[in-house]
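Asks: With the hints as extra help, turn the sequences into a complete structure.
Protein chains in written order, with the working numbering: chain A, 2 to 256; chain B, 3 to 252.
Certain hints may be false.
Unchecked claim - With a straight-line cut-off of 20 angstroms between C-alpha atoms, the simulated DMTMM-like cross-links for lysine to aspartate or glutamate are:
{"id": "1", "chain 1": "B", "residue 1": "Lys200", "chain 2": "B", "residue 2": "Glu227"}
{"id": "2", "chain 1": "B", "residue 1": "Lys200", "chain 2": "B", "residue 2": "Glu179"}
{"id": "3", "chain 1": "A", "residue 1": "Lys4", "chain 2": "B", "residue 2": "Glu132"}
{"id": "4", "chain 1": "A", "residue 1": "Lys19", "chain 2": "B", "residue 2": "Asp148"}
{"id": "5", "chain 1": "A", "residue 1": "Lys4", "chain 2": "B", "residue 2": "Glu109"}
{"id": "6", "chain 1": "B", "residue 1": "Lys84", "chain 2": "A", "residue 2": "Asp18"}
{"id": "7", "chain 1": "A", "residue 1": "Lys22", "chain 2": "B", "residue 2": "Asp148"}
{"id": "8", "chain 1": "A", "residue 1": "Lys19", "chain 2": "B", "residue 2": "Glu109"}
{"id": "9", "chain 1": "B", "residue 1": "Lys246", "chain 2": "B", "residue 2": "Asp194"}
{"id": "10", "chain 1": "B", "residue 1": "Lys131", "chain 2": "A", "residue 2": "Glu254"}
{"id": "11", "chain 1": "B", "residue 1": "Lys238", "chain 2": "B", "residue 2": "Glu249"}
{"id": "12", "chain 1": "A", "residue 1": "Lys19", "chain 2": "B", "residue 2": "Glu129"}
{"id": "13", "chain 1": "B", "residue 1": "Lys131", "chain 2": "A", "residue 2": "Asp11"}
{"id": "14", "chain 1": "B", "residue 1": "Lys84", "chain 2": "B", "residue 2": "Asp47"}
{"id": "15", "chain 1": "B", "residue 1": "Lys195", "chain 2": "B", "residue 2": "Glu179"}
{"id": "16", "chain 1": "B", "residue 1": "Lys84", "chain 2": "B", "residue 2": "Glu109"}
{"id": "17", "chain 1": "A", "residue 1": "Lys22", "chain 2": "B", "residue 2": "Glu249"}
{"id": "18", "chain 1": "B", "residue 1": "Lys246", "chain 2": "B", "residue 2": "Glu227"}
{"id": "19", "chain 1": "A", "residue 1": "Lys4", "chain 2": "B", "residue 2": "Asp148"}
Claimed, not checked - Okay, the calculated bits of chain A under chain B, using three or more residues with CB under 8 angstroms as the criterion:
{"id": "20", "stretch": "10-22"}
{"id": "21", "stretch": "240-253"}
To be clear, the hints were calculated from the coordinates, so they are not data collected in a lab. We put the CB at the ideal spot given by N, CA and C, even for glycine.
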Amino acid sequence: MNKRLRHYIDLIIVLTDKEMKLRYKSSILGYLWSIGHPLALALVFFVAFKVVMKIQMDNYALFLICGLFPWQWFQNSVTVSPTLFLNNASIIKKVNFPRNIIPFVSVLQDMIHFILSILVIAGFMLAYHKAPTLAWIYGIPLLLLVQFLTAYGASMFIASINLFFRDLERLTTIFMTLLFYFTPVIYPVSMVPERFKFYVNLNPLGPLMISWRGLFLDGKLELEPVLFAVLYAILLYTLGSFVYRTLSGRFGEIL
Amino acid sequence: MNENAIVFEKVSKSYPLYHHIIGGIKRFIFNIPGALKAIKSSRYDALRDISFEIKKGETVGVIGRNGAGKSTTLGLIAGVMKCTSGSITVNGRVAPLLELGAGFNHELTGRENIILNAVLLGLNISEVKERMTSIIAFSELGDFIDQPIRVYSSGMLARLGFSVAAHLNYEILLVDEVLGVGDQQFQKKCYDKILESKQAGMTIVFVSHSMPEIEKVCGRVIWIENHTVKQIGETKQVIDAYIKAQENHG
Numbered sequence: 002m003n004k005r006l007r008h009y010i011d012l013i014i015v016l017t018d019k020e021m022k023l024r025y026k027s028s029i030l031g032y033l034w035s036i037g038h039p040l041a042l043a044l045v046f047f048v049a050f051k052v053v054m055k056i057q058m059d060n061y062a063l064f065l066i067c068g069l070f071p072w073q074w075f076q077n078s079v080t081v082s083p084t085l086f087l088n089n090a091s092i093i094k095k096v097n098f099p100r101n102i103i104p105f106v107s108v109l110q111d112m113i114h115f116i117l118s119i120l121v122i123a124g125f126m127l128a129y130h131k132a133p134t135l136a137w138i139y140g141i142p143l144l145l146l147v148q149f150l151t152a153y154g155a156s157m158f159i160a161s162i163n164l165f166f167r168d169l170e171r172l173t174t175i176f177m178t179l180l181f182y183f184t185p186v187i188y189p190v191s192m193v194p195e196r197f198k199f200y201v202n203l204n205p206l207g208p209l210m211i212s213w214r215g216l217f218l219d220g221k222l223e224l225e226p227v228l229f230a231v232l233y234a235i236l237l238y239t240l241g242s243f244v245y246r247t248l249s250g251r252f253g254e255i256l
Numbered sequence: 003m004n005e006n007a008i009v010f011e012k013v014s015k016s017y018p019l020y021h022h023i024i025g026g027i028k029r030f031i032f033n034i035p036g037a038l039k040a041i042k043s044s045r046y047d048a049l050r051d052i053s054f055e056i057k058k059g060e061t062v063g064v065i066g067r068n069g070a071g072k073s074t075t076l077g078l079i080a081g082v083m084k085c086t087s088g089s090i091t092v093n094g095r096v097a098p099l100l101e102l103g104a105g106f107n108h109e110l111t112g113r114e115n116i117i118l119n120a121v122l123l124g125l126n127i128s129e130v131k132e133r134m135t136s137i138i139a140f141s142e143l144g145d146f147i148d149q150p151i152r153v154y155s156s157g158m159l160a161r162l163g164f165s166v167a168a169h170l171n172y173e174i175l176l177v178d179e180v181l182g183v184g185d186q187q188f189q190k191k192c193y194d195k196i197l198e199s200k201q202a203g204m205t206i207v208f209v210s211h212s213m214p215e216i217e218k219v220c221g222r223v224i225w226i227e228n229h230t231v232k233q234i235g236e237t238k239q240v241i242d243a244y245i246k247a248q249e250n251h252g
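Replies: Below you can see the structure in the form of structure tokens.
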């Protein structure tokens, strides 16, 4: 058993190393690429909502950055998930290795990019004369774990189902666009009309994104959203691994 | 003591014809009863009632026409599929010889791909590092080993793949018509290596359409026809019968 665990860990190391190398192979620009997209999005929303529509909020640019970076991690992990098993068909059909390693590594490497981008968030905070707080020390690892489980669960779910229903890929793209605007990423919860506030907690990503922004902007974690986020993480992880375990025996047939 | 490496007892494998659902969620949801009926009624028998035993240290060829069920048999041995009925016993670690470039990444160098591939196929990182020099020497790729493999020719890719396979920990090697590439000299080296593993007591299951190859390495042959075993026996005997059947057929 110990030997299997050892091999499991080695597989994760090797595959993650591969993904990191591929991302950064050409140049250090690889890093700029991965922070470039959320920064560009932040610019777009800043122009649209602050410059043009004059939203009544202080530090709106910083507000956007603090929400868009964690969102981008989730978005990347989910968007690539439909093709994860498809792209590895040749080895899945021949080699008997734990296939959930593939979504695991995919989400893991997105998480590493997000961790690196926390530097950018900290940089913006300094520019706005705010400083990281002690709560970051326990808050960041906690939310990393919560978001990892959420994204890993979603990724296993989508990657497995997409082998059987190949149009799930398109639905995922549409779904992610909807989810983005229904999640308080580019607007604060306080601006959501009272009668819709209830729905924010029904969105599996809502409480998590609120927690991240609270941690970065106000330097503290609110209990309620964190509890909801943990709950959704456990639910999505359980659902994802259940679907994966039910279907994985058939991967070799369908690919 | 168990002398058998692989035992198939009345193994059948069938699966639904997945194209009914691969068609998409939309079609499935708008026609759930029809879709479910289609899935249930349209099972495809990939293998029917197959039984055979392969002893430890044997080299056994598997022949048959395309779609007869050879690859399904290998998939069942490798454990990437489960049988629908019957029982399969496999004693020992199984290593598949992958098709050209499978599990490789074209942007990475030969050396990086060796680590990636070998770990996927069951080695630990430390074991790969110990064997790295030997793997590179076997591949005869020289300075190319530190080039991204997108610049490799197909022959060079085959060498890289085979060199990794030759250094894995396994007792049972599965070869699925992959040796048709590479130059003559390297092909010979591959065969030598296969013969060497054979002498070292490895069990080898060898799928091929090339009868001379089968005759060269296999002691026994399983002929699969129409999803079931047509004949098992001495290489020469089975191959002669097979060739005769082909001639009559076409």
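Asks: All the hints need checking, so say for each whether the structure fits it.
Replies: Hint check:
1. A distance of roughly 27 angstroms separates the Cα atoms of Lys200(B) and Glu227(B); the hinted pair therefore is violated under the 20 angstroms criterion.
2. The suggested pairing of Lys200(B) with Glu179(B) holds, with an alpha-carbon distance near 18 angstroms, which does not exceed 20 angstroms.
3. Restraint check: the Cα-Cα separation between Lys4(A) and Glu132(B) comes to about 17 angstroms, which is no more than 20 angstroms; the hinted pair holds.
4. Among the hinted pairs, Lys19(A) with Asp148(B) is consistent with the structure: their alpha-carbon atoms are about 15 angstroms apart, no more than 20 angstroms.
5. At most 20 angstroms may separate the alpha-carbon atoms for a hinted pair to count; Lys4(A) and Glu109(B) exceed this at roughly 30 angstroms.
6. Of the pairs offered as hints, the one joining Lys84(B) and Asp18(A) is violated, with about 32 angstroms between alpha carbons and a cut-off of 20 angstroms exceeded.
7. Simply put, Lys22(A) and Asp148(B) have alpha-carbon atoms about 14 angstroms apart, close enough for the 20 angstroms limit, and the pair holds.
8. Restraint check for Lys19(A) and Glu109(B): satisfied, since their Cα atoms lie roughly 10 angstroms apart, inside the 20 angstroms limit.
9. A hinted pair counts as satisfied when its Cα atoms are at most 20 angstroms apart, and Lys246(B) with Asp194(B) does not qualify at roughly 30 angstroms.
10. As the CA atoms of Lys131(B) and Glu254(A) are separated by approximately 34 angstroms, the hinted pair breaks the 20 angstroms bound.
11. With a C-alpha separation of about 17 angstroms, the suggested pair Lys238(B) and Glu249(B) falls inside the 20 angstroms cut-off, and the hint holds.
12. Simply put, Lys19(A) and Glu129(B) have alpha-carbon atoms about 18 angstroms apart, close enough for the 20 angstroms limit, and the pair holds.
13. With a C-alpha separation of about 12 angstroms, the suggested pairing of Lys131(B) with Asp11(A) holds against the 20 angstroms cut-off.
14. With a C-alpha separation of about 13 angstroms, the suggested pair Lys84(B) and Asp47(B) falls inside the 20 angstroms cut-off, and the hint holds.
15. The hinted pair formed by Lys195(B) and Glu179(B) meets the criterion: a straight-line CA distance of about 16 angstroms does not exceed 20 angstroms.
16. Restraint check for Lys84(B) and Glu109(B): not satisfied, since their Cα atoms lie roughly 34 angstroms apart, outside the 20 angstroms limit.
17. Distance hint between Lys22(A) and Glu249(B) is unfulfilled; the C-alpha atoms sit about 53 angstroms from each other, more than 20 angstroms.
18. This hinted pair checks out: Lys246(B) and Glu227(B) have alpha carbons roughly 14 angstroms apart, not beyond 20 angstroms.
19. Between Lys4(A) and Asp148(B), the direct Cα distance comes to roughly 30 angstroms. Violation of the 20 angstroms bound is thereby established for this hinted pair.
20. Closer than 8 angstroms: that is the beta-carbon criterion, and the stretch 10-22 of chain A has 7 residues meeting it against chain B, so the requirement of 3 holds.
21. Figure legend: the stretch 240-253 of chain A, annotated as covered by chain B; annotation consistent (4 residues with Cβ-Cβ distances under 8 angstroms, at least 3 required).
Against the hints set out earlier in the document, violations occur for numbers 1, 5, 6, 9, 10, 16, 17 and 19.
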